[in-house]
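J.: Residues per chain are reported as follows:
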Amino acid sequence: MKISNKIVEKHGLKIEEYESIKKLLNRQPNLLELGIFSAMWNEHCSYKSSRIHLRKLPTKGKQVIQGPGENAGVIDIGDNDAIVFKIESHNHPSYIEPYQGAATGVGGILRDVFTMGARPIALLNSIHFGSPDHTKTKSLLNGVVSGIGGYGNCIGIPTVGGETKFNETYNENILVNAMAVGHANKDKIFYSKAKGLNKSVVYVGSKTGRDGIHGASMASAEFDENSEEKKPTVQVGDPFTEKLLMEACLELMKDNSIISIQDMGAAGLTSSSVEMASKGGLGIELELDKVPCREENMTPYEMMLSESQERMLIILEDGKEHNAKKIFDKWDLDFVVIGKTTNTNKLTLKFNNKIQGEIPIEALASKAPIYDRKWIKKKPQKKEINLKDLKKIKIEDALIKILSNPNHSNKSWITNQYDQSVMCDTALKSGSDAAIIRIHNKDKAIAVTVDSSAYYCKSYPLTGGKQIVCENWRNLISVGAKPLAITNCLNFGNPENEEIMGEFVECLTGIKQACEFLDYPVVSGNVSFYNGTNKKNIYPTPVIGGVGLIKKITKPLDHNFKKNNSNLILIGKTFGHLEQSCFLRENYSINDGLPPEINLKNEKNNGEIVLKLIEEDLILSSHDVSDGGLITALAEMSIVSKYGVKIQKPKKLTNLFKYFFGEDQARYILEIEAINLPKIEKVLKNNDVYYENIGFTQKDYFEIEGELKISNKDLFKINNEWYNNF
Amino acid sequence: MKFSVTVTLKKDVLDPQGKVVQNTLVNIGIKNLKSIRQGKYFEIEVDESELLTAEKIVDKMCKKLLVNLVIEDYKINKI
Amino acid sequence: MKFSVTVTLKKDVLDPQGKVVQNTLVNIGIKNLKSIRQGKYFEIEVDESELLTAEKIVDKMCKKLLVNLVIEDYKINKI
Amino acid sequence: MRSSVIVFPGSNCDRDIGVALEKMQFKNQMIWHKETRLPKSDLIVIPGGFSYGDYLRSGAIAGKSLIIDEVIRAANSGCLILGICNGFQILTETGLLKGTLLRNKNLKFINKDVQIKVLNNKTKFTNKYKKDQIIKINIAHNEGNFFTDLLHLEKLSNENLIAFKYCDEKGNINENSNPNGSLENIAGIFNDNKNILGMMPHPERMIDEFISNKDGVNLFTSLLG
Ligand SMILES: Nc1ncnc2c1ncn2[C@@H]1O[C@H](COP(=O)(O)OP(=O)(O)O)[C@@H](O)[C@H]1O
Ligand SMILES: [Mg+2]
Chain R
0 MKISNKIVEK HGLKIEEYES IKKLLNRQPN LLELGIFSAM WNEHCSYKSS
50 RIHLRKLPTK GKQVIQGPGE NAGVIDIGDN DAIVFKIESH NHPSYIEPYQ
100 GAATGVGGIL RDVFTMGARP IALLNSIHFG SPDHTKTKSL LNGVVSGIGG
150 YGNCIGIPTV GGETKFNETY NENILVNAMA VGHANKDKIF YSKAKGLNKS
200 VVYVGSKTGR DGIHGASMAS AEFDENSEEK KPTVQVGDPF TEKLLMEACL
250 ELMKDNSIIS IQDMGAAGLT SSSVEMASKG GLGIELELDK VPCREENMTP
300 YEMMLSESQE RMLIILEDGK EHNAKKIFDK WDLDFVVIGK TTNTNKLTLK
350 FNNKIQGEIP IEALASKAPI YDRKWIKKKP QKKEINLKDL KKIKIEDALI
400 KILSNPNHSN KSWITNQYDQ SVMCDTALKS GSDAAIIRIH NKDKAIAVTV
450 DSSAYYCKSY PLTGGKQIVC ENWRNLISVG AKPLAITNCL NFGNPENEEI
500 MGEFVECLTG IKQACEFLDY PVVSGNVSFY NGTNKKNIYP TPVIGGVGLI
550 KKITKPLDHN FKKNNSNLIL IGKTFGHLEQ SCFLRENYSI NDGLPPEINL
600 KNEKNNGEIV LKLIEEDLIL SSHDVSDGGL ITALAEMSIV SKYGVKIQKP
650 KKLTNLFKYF FGEDQARYIL EIEAINLPKI EKVLKNNDVY YENIGFTQKD
700 YFEIEGELKI SNKDLFKINN EWYNNF
Chain X
0 MKFSVTVTLK KDVLDPQGKV VQNTLVNIGI KNLKSIRQGK YFEIEVDESE
50 LLTAEKIVDK MCKKLLVNLV IEDYKINKI
Chain L
0 MKFSVTVTLK KDVLDPQGKV VQNTLVNIGI KNLKSIRQGK YFEIEVDESE
50 LLTAEKIVDK MCKKLLVNLV IEDYKINKI
Chain Z
0 MRSSVIVFPG SNCDRDIGVA LEKMQFKNQM IWHKETRLPK SDLIVIPGGF
50 SYGDYLRSGA IAGKSLIIDE VIRAANSGCL ILGICNGFQI LTETGLLKGT
100 LLRNKNLKFI NKDVQIKVLN NKTKFTNKYK KDQIIKINIA HNEGNFFTDL
150 LHLEKLSNEN LIAFKYCDEK GNINENSNPN GSLENIAGIF NDNKNILGMM
200 PHPERMIDEF ISNKDGVNLF TSLLG
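Residue numbers (numbering that gives the first Met the number 0), protein chains in the order written: chain R, 0 to 725; chain X, 0 to 78; chain L, 0 to 78; chain Z, 0 to 224.
The shape of chain R in the complex, shown without the other chains (with noise of 0.2 angstroms):
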C-alpha cells in the first residue's frame, strides 16, 4: 500500500515528520508502522513541544526516591513507606462521553500507580467547565461527576479531594485532570524498564477490543467540526476488571516474579511495550496472534493502536509463568505470553507467521521529533483599578455575591456522589484545605490537594505560575502536613500558537522558581496541549497535585472553628491587591491587572512558621487565605462551623474593600485559644512573620463590627444554593 500525504495527516503527522520517518527507517513504512509512528511522535505520547523545558524543572530531593520519567513519582515518607502518585488529564475524551471520559481517566490514573507495587488510598480531581449557564455545562458535569464517581467507588478507593471550576474559555473543551496517591514498601517498587533477553512478556487484563484507536493523537489535535466523526473511539471503562487486575497485579507483586511492568496507557500495546524495551536498551518481539482479543478479526494495526483499558505488559522472570498464570486464573483474567526481549533494539511484530512490521526502538523513543518552539513574552498589563471609579456596593452584597457563585459554592453536591470513607483511613475529607489519609495501621498521614489558578496564570503566567505552586504548599501547611512533592498537569492550548507557547514556558518557569524555593519537588506529571476549538484557547491551566506528610498524627487540623471566644490571628501581611480578584470579577466582571505578587521568602518562613505553631499543638483550626479574600476565608470557617466571627475594622489599611477582599499572597487564619497567644506571638515575632490580631469567633454570627452581621445559617444557605439546581 503505498502510503499518500492524506494518510499521513489522517495520523495527525507533519509531511516533514513523514520524511523523517523515511531517514529512521531507509525505506517507506508500512501502514502498520505509521500507525506506531503516529502513537508515539504524537504529543501526547512524546512530549514533543514540552520536553525541553520540562527538563528544567527540579525534580531532586532528598524526600525522592523516582522523579519524572516512570509511571507514576515515588517518595519517601519514612520507616520503609513510600507514597506513590501522579496526575493525568482525560480532557478530550471527557468532552465527547463526559461519564466514560471521566471514568476510563480515572481508571488509567490507577493503573500508573499500582503497576508501581503501590495500593492506591486516595483520588483527587480538577475538573473545569464552561460558563455555569452554556447549554453543555450542565450535562457535562453531570456526566464528569458520575464517571469519577462510577469508577472509584466501584473500585474502592476513596476520592477525597479536588477542584470544580467554571469560566467560558472551557465551553467547547473541558478539563478533566484525575490524580491517584498509592503506598508502597520502599524497598518494593516496581519499575518499567527492562531487563535480559529472551524473557517473557506477558499481557494481562481485559481483552483487547477495537475502542480508543487513535486515542492518543485525538488527544493531540485540536477540536473542530469533524470531532464527531471520531466518536466511535470512545473507550468504555470496566472498573470491575481493573479492580480484579489491580489485586491480581498486588498479590503477584508479593514475589519475585517480575522484572518489570508497565500498563497499558494511551497507545496501548505500542506505547508499553516500546517504553520498556527503549529504557531496557532491548528490542522485544510480539506475536500478535497471540493478543487476546474482543472482537473477530482484528488486524495487527488495530491491536497495535486500540486503547482497550484495565490491560497490563509484564516481563517475567525465567520460570515463573506458571506460578502468576494462577494467580491471574483466579481473578478470572487473561494472562498469556505475546512475546519476548530480544537484543535486536527493534519493536517486532508477527501475525500469521510472518514479521508485519520491524521499527528500531529509537526511533520511536529517543529519536521521536523534539521541537523549541517559538514563544513570546507575555507583556505585564500594569493597570490599576480605581475603586473610586466603580459603583458604590455594600460588603455584605459583595461577599454573598462571591458566596453563592459556583466557583465557590459548597460542592457537597459533587463530593457526596464520591465515596470518600472506605478503606477507612480517610481522617479529613473534601472540603478542609486538603484531605488526611493515614497510612493504615500506623499513626502517620499524608495530606493531599490539587489546584490551579487560571485567571492569574492568563494574566500573568510567571507569577501564576508560582502562585498555584505557593498555594498548593499552603493547603497542606494548613492542615498541618510538611510538603514534600508535587505532580503537575499542564493543560495549555495550542503550542503551535506562540502565545500559548509563551503562556507554558513562562507558567512553568513560575513552578520551577517555586519548587526550587520551597524545596517541593516536582516528581511525576502530564502535559495536555491543543485545548481549544477553533482557535479559542483555554486560559492556562497548570494543576499541581501535593503530597505532604505528618509524621505523628494524633488529631487531624481542620477549618472549622472549635471554640467560643478564640482568639483569631491573620499571618501575612494584607496589601490590598484587588487586580484579577474574584471580588472584581463577580462585581463588577473586570478582570485586568496583575495577579498578586508572589514573596517566596515570605511564603517560606510563614507557612514553615505556622506548621511549627500545628505541630506544638497550639493552634485550634486554620484555613489559608485565597481567592474572594480574608473575608471569603472567614466565611467558609463559619460556614463549616458552630460559631462565627467578631471581627475588628483594620486599623492600617483603611479601605476595607481592599482589606477584606484583597488576594495578597503568604497568608493564614489561625483560631488560637487566648493564653497560648502570648506564646504564640513571641514565636511570630522571633521569627519575623507579620501578623494581625483580627477578632474573635462567637456563637452563631458572622459580624464585622459596625459593617455587617448575618448569621452562619444565612451564609451556608447562600453558599449551597447553586447546586441545588442540579
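Worth flagging that the hints you see were computed from the coordinates, not collected in a lab.
Computed from a predicted structure; not experimentally measured.
It is possible that some hints are incorrect.
Unchecked claim - Here are the simulated DSS-like cross-link-like pairs (lysine-lysine), alpha carbons at most 27 angstroms apart as the crow flies:
1. X:30 <-> L:55
2. Z:22 <-> R:253
3. Z:63 <-> L:59
To be verified - Label pairs and their calculated CB-CB ranges:
4. Z:112 <-> R:78: 27 to 33 angstroms
5. X:59 <-> R:535: 54 to 60 angstroms
6. R:141 <-> Z:111: 15 to 21 angstroms
7. X:59 <-> Z:111: 46 to 52 angstroms
Yeah, the Cβ is synthetic: ideal placement off N, Cα and C, and Gly gets one too.
Using the hints, position chains X, L and Z with the ligands against chain R.
T.: The following block gives chains X, L and Z with the ligands in isolation, referenced to the frame of chain R:
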C-alpha cells in the same frame, strides 16, 4: 399511542455487563447460550394520534435524553 | 435462535428512575408525554433450533438470573 | 467468637470489616467466594462493595455463587449473618432477606454521614444499643432504596423486624431525614428468626474516633455477647 424503545450498545463498544452476565449464566449451568447483550428498554406513551408525529416525539426523546448516541444505538417500535 | 427479553418493574413497585426521566423530559420541553417506564433489554442467542426448547432455556435464564421476580416482570419474544 | 468474611470479586469493604472484626477481638477469616466449604463460624459477614461490578443488579451475581449455598445452609441452622451495604443487597437476592434495594430516589450515589435510630435493641446484633438510640453512621451506595410489599412491611413492623430507620439529629423519621427514598426510612432489617441482619449503613466505618466516631462499636460488642 404507545411505543417501545430498545437501546443497545454499538457494535465494538465494550460491554462489561454482558461479559459478566454471560459467564454467570454458564456457571449456573445454562447450556446452549451463544451470546447475550444487555441494553435498556423503555415503554413510552404519548398523547398524539398521528403516527408520524408521535414517532417524531419519541425519536426526539431518544436523541435528547434516553440514548447516549456516542456509544448506543436504538430502535423504536409501535406497540 | 434469537430472542429478545424485556424486563420491567412490576406495576406497584416504585420506579425512581422512570420518575426522574419523565420529569427531565418534561423539563427539556418534550410535550405530549403521557408515561414512560424504564426496564432492561436482553438479546439472547441460543444454540437450539427447536422453538419450545429454546424458549424454555431463555425462560430459565430469566428465572434464575436475569429477572428479580420479586419486583420485575418479563416478556420473551422470538426475533 | 469466630467470624468469616466472604470475599467476592469486586467486594471492597472486605478489608475494612476484617480490620474491624479483629480490632473487636473476633477470630476472623477471609473466605474467597470460590471456596465450597465454610469454616465453622459463629458469624458470617457479607461485606460492602461492588461484587461483580454491580452488573445486572447489585448483588444478583454474587447471589448465585457457590459459596452462597453454604451461607444459606449456615443461616438456616441459626448462624448469625450480617450483610452490610452490598452484603444486604446480596442477602435480598438470595432470598435470605425479603425485599429489594432499588436505586436511590435521586439516582445518584450517596456518601455521607446520616443518623439512624435503633428500633429493636433486643437482638443478638443490637443488644448493646439503647432502644431508640440515635447513631451517626456513614452510608455509601447507589441502590439503598428499600422496597418491599405491603404484607411484608406490616410484618416487619408488627414483629419488630426493623433494625434501623433513617432519622435526623433529633430522631425525627420523615421524608427530610430519608436519604435514599427507602420505604418508611428503613435502613436495616432482620429475618423472622432475627439471626440475619441486612443494613445499608457501614458500622465498620464507625469504630475509630480519629477517623469518624465509635457509633458502630456496639454492634460488634452486641455480637460478642
Ligand atoms: N508536566 C510534567 N512535569 C513533570 N513530569 C512530567 C510532566 N508531564 C509528563 N511528565 C512525566 O513524563 C512521563 C510520561 O508521562 P505520560 O506519557 O503521561 O505517562 P503514562 O504513559 O504513564 O501516562 C511520566 O513519567 C510523567 O511523570
Ligand atoms: Mg503509565
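J.: Hints first: check each against the structure and report whether it holds.
T.: Hint check:
For the given pair, residue 30 (chain X) sits about 12 angstroms from residue 55 (chain L) by alpha-carbon distance, which is consistent with the 27 angstroms threshold. Straight-line distance between C-alpha atoms of residue 22 (chain Z) and residue 253 (chain R) comes to about 25 angstroms, which keeps the hinted pair within the 27 angstroms bound. Using a Cα cut-off of 27 angstroms, the hinted pair residue 63 (chain Z) and residue 59 (chain L) holds, with the two alpha carbons roughly 14 angstroms apart. One distance hint, 27 to 33 angstroms for the beta-carbon pair residue 112 (chain Z) and residue 78 (chain R), holds here, with the actual separation near 32 angstroms.
Take residue 59 (chain X) and residue 535 (chain R): their Cβ atoms lie about 30 angstroms apart, and the range 54 to 60 angstroms is violated. Separation of residue 141 (chain R) from residue 111 (chain Z) is about 19 angstroms and conforms to the stated range, judged on CB atoms against 15 to 21 angstroms. Separated by about 36 angstroms at the C-beta atoms, residue 59 (chain X) and residue 111 (chain Z) break the suggested range of 46 to 52 angstroms.
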